[in-house]
Every structure is written in C-alpha cells, then in structure tokens.
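K.L.:
On the provided structure of chain A, position chain B as indicated by the hints.
Those protein sequences? They're chains A and B, same order as listed.
Residue numbers for the first sequence follow my numbering, so the first one is 6 and each next one is one higher.
Residue numbers for the second sequence follow my numbering, so the first one is 1117 and each next one is one higher.
Treat the hints with care, since some could be wrong.
Stated by the list, open to error - With a Cα cut of at most 25 Å, we get these calculated PhoX-like pairs of lysine-lysine:
#1 B:K1230 - B:K1297
#2 A:K101 - B:K1297
#3 B:K1154 - B:K1258
#4 B:K1179 - A:K184
#5 A:K183 - B:K1179
#6 A:K162 - A:K180
#7 B:K1244 - A:K101
#8 A:K25 - B:K1297
These aren't lab readings, by the way, just hints derived from the structure by calculation.
Note that this is a predicted model, so its numbers are computed, not measured.
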Amino acid sequence: SSGINAEYGDIRLNREDPEKAVVEATVRSATGHGTPLDKMYEEAVRRVCEEVILTTDHPRTSFQVIVQIEDNAGSVLSVIMNALCLALMDAAVPMKGMFGAVACVQTEDGTLQWDPTTDEEAGGQCSYLFVYSGQDMIYSHCTGQFSVDQYMLVLQKGRQVAVDLWAFFREAFEKLLKKDVKFQMLLNPKSKLR
Amino acid sequence: MAEVQEIPATPTMVMCGDAFAFPQCTELTVGPGLRYIKNTVNCTKPGVLRATNKSVWIDRNSKRYVPVVEERVIGIVAGRIGEDCRVDVGAAHYAMLNGVAFEGATQRNKPDLKIGSLVFAKVIAANKDVEPELSCVNKNGKSNGLQVLEGGHLISCSLGLCRKLRQPTTPLTAPLIAHFKLFELVVGMNGRVWIHSDSVKHTLCISMYLGRCEYLPEEELMPLLKDIVKRVESSA
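Extracted from the complex, chain A is given alone in its bound form:
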C-alpha cells in the first residue's frame, strides 16, 4: 500500500477557534468517489493530528492535511498514519512527539500477522490497528472478537514494532537533513563548525 500526504499549516480559517488550531483532514482513495471508509480515515487522521500537534500554540488558524491513497494492498490506515507522521515532520509542524501506526491481524489459530495484506485481512478472525505516541497509545481501531488478554498482548507487542518504526523515521529524516550542506557540516563529527 502506498500514499502521498501533504500538510498545509498554519493558515487562516473563517470558522476560527479562539483557543487552538483546527485540523482539517481530507483523504482520497485511489479510485472511485469518496466512500464512508474515506470519511472514517479522515476522522482518524484528524483525531491523531489534534492529539499530537501543539494546536494551542497557533490559535485561530488551521492545519490542513491531505492524503491521497495511491495503492491499496492492505493495512491502508496504518500506512496513512505513518506517512502522516513523516509529512508533519517534513513540514516542521510543532508536535508533542512522533507517532507510529501498527496493524495486525489475528488468525483462527492465534498467530499474529503484522502489516497484513488484503487477503490476510479478509482471512483473519480479528484485526487491530494501534497508533502509539511515546509511551501511550493514542488511537485504536479493532474489529472482530478477541479477549482482553489478547488485546493487551497485541498492544504490548505492537509498541515494540512502533519503536522500530521510529528508528526508521530517524534514519529517513537524517537523510533528508543531510541534503543541506550546512547540516552535513554540523552533524559531521570531524567538522570544524562543532
């Protein structure tokens, strides 16, 4: 699955909130008209952004997030969320912390399949999607039947996957920073600037 995320912020808005910035999300799927599923994704994106972005630092403005799903091969919402984190980092939006989404499907015999494809999603007994930020889980979407113990187990394991994700974000961001000669020199341990 792949998607493109764009973020525009902070911009003027007619319906201002005097205390904080408003997050507007738009999600478009690869083909077809907007479906209720896209609306659900929009709500998920909006909620996660409002949780993570420091909206009180920019009252009476709006952060607009636009997601275009290019290819849907399973675990789309987790792909959207992870691309969203990278987009917000690229746009230098003030955030409380990084966030990462982890998707998982549990089959009949109890095995967990991480980042499921469309077939695996269809064949599973229950599916989980958790978005972690720091120590907390800030958004979840779970379908199917599962016990509390199963839920807690996946929640715990998922956080370890999220930590790996954040290491990847770090690497990706470092590559982006080092395109600039100034940051190359700053981060180079042998450079005189330090």
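P.N.:
Chain B in isolation, oriented as in the chain A frame:
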C-alpha cells in the same frame, strides 16, 4: 521511562518528543522548536539541537513563517483599515502596519502605501492570539534601512536560505558580488527576498541563482551562476 540525558554540547539530530534535562543553576534561553516542561527541555520539531552557553534551540529549515518580535520581514500591502495597513507577511494572519510608522512621517506627510506595494519592516508585536504588528521605525524614530521597496523583484524561498543569506560571512553571495556590479538584495526573515539590479537580465539571473544555490557546496556556487548567466544571455 527512559533516562533523561543532559543537553549535548555538540550539535545532534533530535526527533519530536526527545527530552533533555535542563541544567541546574543556569539561565538558558529555550529557543524555537523546544518546550520547557517540568525541568526538562522537550523537542517539538525534528532537527539539529544546538546549544551555546546562553541558549539552546532546534536548527531546522522550513517554509512557513511564524512571526517573532524583532525580526525584519518583507510584507505585501493587502489593504487599509483607517490609518493602518494590512500587510501579508506569509504568516497565518495579516500584520498591521501603522501608516505613520515611517521615518520623518507625520499625519500630513506619510508614504502612500498602495495595495501590492512592498514594505521592509520590523515585527514589533507577535502574540499568538493577536495579529502581528509591524513598524518601519525604531524607538528613536530612525528607520535603519526599513522602508517601502520600490521596483525590483520579489522571490519566495525557504526560511533557512534567508537565515543563511543574512549572515555576513555567507559564501552564497560571494559569486554574485564577484559577477554583478550593481545590485541590491533585501532579505526578509519570512522567506522573501527582494532583488533590485540595473537590468532585467541581471535580476533574472540573481533570482534563478538564489532559487538553486541553497543546498550546493561552496565550490559549486560560481559554476552555477556562470551557467545561469550563459543561459540567460543566450536566450535573449
């Protein structure tokens, strides 16, 4: 909970949410990209954490401008409300510039600010809840270079490029100074650069050069300028 480290002395890359312990018994200015919470310094933007004896901040290139007091910006006049002008500085809200806030201006004798004119002004008030305010004079009534910019050409660039250009020892302008005899650059901290030179071709060359020079190493700057000049001369 991970142990909170000390603020590193050498520049290090940090991500949002990274926390550092605020050093005891010191006065330290916590700069852009950082929040001070419960004796720790938290990063709100990913970038390079830099620290001196007096301040700590996150160095990061971005495009969207957020007004900060004492910064000099280039604004475009968008309208008038009574005596004030609404000026677009590229931020979320329009800034207000008093029509009399110019050197030597009085009620009867003030600059004629039409819609679309460019002003190089200083931000004097930038509260997050209110519109920012600009002025073209300091407390003593002197302008120090702040004025309406006539003619010339305005380009948009990233905030990082503007900061680099404003440093007196930047290598980015050396090729321009070597090649062009007469030109003027006014760099606003809000991602705008105003270029004025003696011919349209030179202005075009300079604006194309500034658009591309940001990420190049020092040795490639002069060849870039020569290449641009050659292309502009040959296409005329």
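K.L.:
Would you mind marking each hint as holding or not holding in the structure?
P.N.:
Do the hints match the structure? See the list:
{"no.": "1", "hint": "B:K1230 - B:K1297", "verdict": "violated, 31 Å"}
{"no.": "2", "hint": "A:K101 - B:K1297", "verdict": "violated, 49 Å"}
{"no.": "3", "hint": "B:K1154 - B:K1258", "verdict": "violated, 42 Å"}
{"no.": "4", "hint": "B:K1179 - A:K184", "verdict": "holds, 16 Å"}
{"no.": "5", "hint": "A:K183 - B:K1179", "verdict": "holds, 17 Å"}
{"no.": "6", "hint": "A:K162 - A:K180", "verdict": "violated, 28 Å"}
{"no.": "7", "hint": "B:K1244 - A:K101", "verdict": "holds, 18 Å"}
{"no.": "8", "hint": "A:K25 - B:K1297", "verdict": "violated, 50 Å"}
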